[in-house]
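Engineer: Residue numbers (the numbering used here), protein chains in the order written: chain A, 1 to 298; chain E, 1 to 372.
It is worth saying that the hints were derived from the structure and are not from the lab. Just to be clear, a hint being listed does not mean it is correct.
[Stated by the list, open to error] Now the stretches of chain E that chain A is said to cover, found in silico as 3 or more residues with beta-carbon under 8 Å:
| # | stretch |
| --- | --- |
| 1 | 76-88 |
| 2 | 106-120 |
| 3 | 306-320 |
Ideal Cβ placement from N, Cα and C applies to all residues, glycine included.
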Amino acid sequence: MIIGIPKGLLYYRYEALWRSFFHTLKIETLVSQNTDYGLMAEGIRNTADESCLPAKIYLGHVRSLAGKCDYILVPRFDGTGKNEKLCERFFGMYDTVKNTFPGVRLLDYNLSSKGLHSEARGFVEMGARLGKHPFVSLFAYNQAKKTQKEQQAAQVRRQKKRLAAEGAKILLVSQPYVIHDTQLGKPLLQILKDLNITPVFSDDCDAAECVKASRKISKQLYWSMNKESIGSIPLLQNQVDGVILLTAYPCGTDSLVNEMVMRKVRDIPVIQILLDEQQGEAGLQTRLESFADIIAKR
Amino acid sequence: MPQSVIFTFPRLGDYHIVIKSFLREIVPAAHVIVPPPVTQKTLDLGSRYSPDFICSPFKVTLGNYLEGLEQGANVLLQTGMGCRFGYYGEVQEQILRDLGYDFQFLCFSCGQARLDRVYAAMKRLNPSLNPAQFAHALLAGAKKIHMMDKFNRYMRENMAFEKAQGSFLRLQSNLYEALQKTNNISLLHQTSGAIFAAMNKIPLETPQRPLRVGVVGDLYTLMEPSSNFYLENELIKQGISVSRMMSVSFLFLRSNARSLRGAQGYLKYTVGANGVDSVCQCKRYAQMGFDGIVHMKSFGCTPEINATPALQRLSRDYKIPILHLSFDTQTSETGVQTRIEAFSDMLAMKRKAQAASAAPAFGKGERSVGNA
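Modelling step: build the complete structure from the supplied sequences, incorporating the hints.
Structural biologist: Structure representation (C-alpha cells):
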C-alpha cells in the first residue's frame, strides 16, 4: 500500500510527523514532486479562481499523485483550542479536494478544537482505516511525535547558526508553505543569496515563544500559524537588519495580519512582498535590491 | 462619563432600526448615529484606508465608521466570528486610531461575543443599568428582529406577484415605523398580529408555477443589499419569487451539526463561517425543485470558496443552474445587472424547453441548459 502526500500547505509543518508515522507502520509513502510551473498551472485549472495560490498549488500536487498511490493524505484542520485556529482554507481543504476530484481515494484525519478530536485520536482512526490496531497506531504516533520534536529542535539550531552568520540578515515572515515552495519562495531566496544576505526563517523559531511574543503586535489574533510567524519579529528584531513579509495572493489571514504588523512594527525596516501566479522575477529583484540598499544605509 | 455617549455601528440591511432602539433603551442618555446608507463615498473612504486584498465588508464597515465619526460618534460597536470577520475589530480600531480619531471601541468578537460582556460594557456607559432592563431590551430586540425577518422573507417570495404595485413596500414602512416607536413587548405582539394579518391579505396574482430562485452566500453580502446592488429587487422585478434563508434570526438559530446533516454527500466537515449553510440550503432548494440559485460572496471569501466545489457538484447532480457572483468595491453595477438579466432569461427559457419536451408522452425530459 502506498500513501501519497501532497507537497503543499501543511506538509511543511507536519512532514516529519506524517512520514515517521507511516514509516513506523511500515506503510510506503510517496511525496509529490517539487512545485514547478506545469504543476501550478494544473492546480490553477482545477480550482475556483479566487482560491489562494498555495491552495491552487496544493490541488496541483493532489492531481499529480492521483493514480500513483492507494490513498492521498488530505487532513482537515480547524485548530487546536480556543483562540488557536487555522485559516478557514484548511477547514475546507478535504471537501474541496473531494468535490474537485470525486474519484480519488482520500485518507483524512480531523484536527478540531471542538469535541474530542485530538491529534492522537485522528491518527488512531487513520490507522484503523489502514487496518492497524489502535495500540500499534498509538505507538507509531508517539514515535512520530518524537521525530517531529527532534526536527523542530534541529530547526532551532539551524536558526542559531544563521543568526550567528556575518553580514546582513533578513527575517522572512511567511507561512512555511509559501517560503519553502520551489515555485513561490525559492526565486526570492536565490536573489537574497546573490545579494549576500542571510535569510532567517520565521518558522525556524520556537513556536511557543513566538506565540507568546506575538501578543506584542496583536492581542486578539486567533490564527496559530500567523501568531507563530509574526511572533518571530519581536523575538528577533534586534538580531536582524530587516523584515520581509512574504505572502501569496489572496491570503485571507495575511491580508489583515500584515496590515497590523506594518502599523505596529516601527523600529525596523519592513516590506511586504505579494506573490501571485503571474509574477515576473524582474520586479521582485528590483524590490529586494532597493530593500537591501535601505538596510545597508542604516 | 465626561462627555455624552454617541454610538455608531456598521450598517447591515435594515437592522439599524433594532440596534438603535436597543441602544436607546439600555443607555437612555446616549445619542445613536445610524450611519448613512452605503454610497460610493462610503466605499471610497473605506477602501482608501483598508488593506489591499481584504474582503469588501471590511472596507464598507470601515467607511461606515468614518462617516459616523465625522458626524461626532465616540463609541463604536463591532462584532464578528467564524472567519476573518472575527479579526476585523482589532485592525479597524488600529486604522482609525492611526488616523487620529478619539473614540471608545467596543468589540464583541469571537470569545467576547457573549451577553455578559455586552452587559458589562453597557453598564460602564450607563451605571444605572440593571439586568432586568437589559433582558427586556434584549427580548424586545429579538421580537423585532423576528418580525422583520418573517415579514421580509414573505415579501421576497411574493412581492413579484402583488396586484397593486407598492403594497408590500407600504406595509414594510408601516412595520418599520411601528418598530421604531415602541419597545413595549406586548404592544409589539399586537402590532405583529395586525401587520401579519395585513400581509396575508395583500392581493396576489401568483402564477401556477412561478419561477423560483434561492439565494445563498456569505452573510454580509446577502444581508446588506447595497453590497450586491439590490440583486434581490432585480430578480423580483423580473417576476421571480426569491427565497433567502439567511437573516439575523437564522444566524442565532443555526447549528453546524444540522447544516452539516443537510449538506450530506457534499461536505464531510464544516468549511468555516456559513459555507456549510450555503451547501445545505442549496441542496434543499435543489430538492424542492427551484429553478435556479444565486451564490453571492464578497471577493476572496474563504468559507464560500471552500463551498464552491461542492456547489458545482450539486449543480451537476441536480441539474440546477447556479450563478456565482463575487462582489468587491470595484464591481460594476451594469455588469452584475447584465448577468442577472441573462440568468433570469435563461431560467425562463429552460422552463419553456421543459414544458415543450414534457408534452410528448415520454418521461419528464429533464434538460440542462448548463451552469451559468
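Engineer: With reference to the structure, classify each hint as holding or not holding.
Structural biologist: Hints, verified against the model:
1. 76-88: holds (count 5)
2. 106-120: With 4 residues in contact (Cβ-Cβ under 8 Å with chain A), the coverage given for the stretch 106-120 of chain E holds.
3. 306-320: holds (count 7)
Violation of the numbered hints given earlier is absent; every hint is satisfied by the structure.
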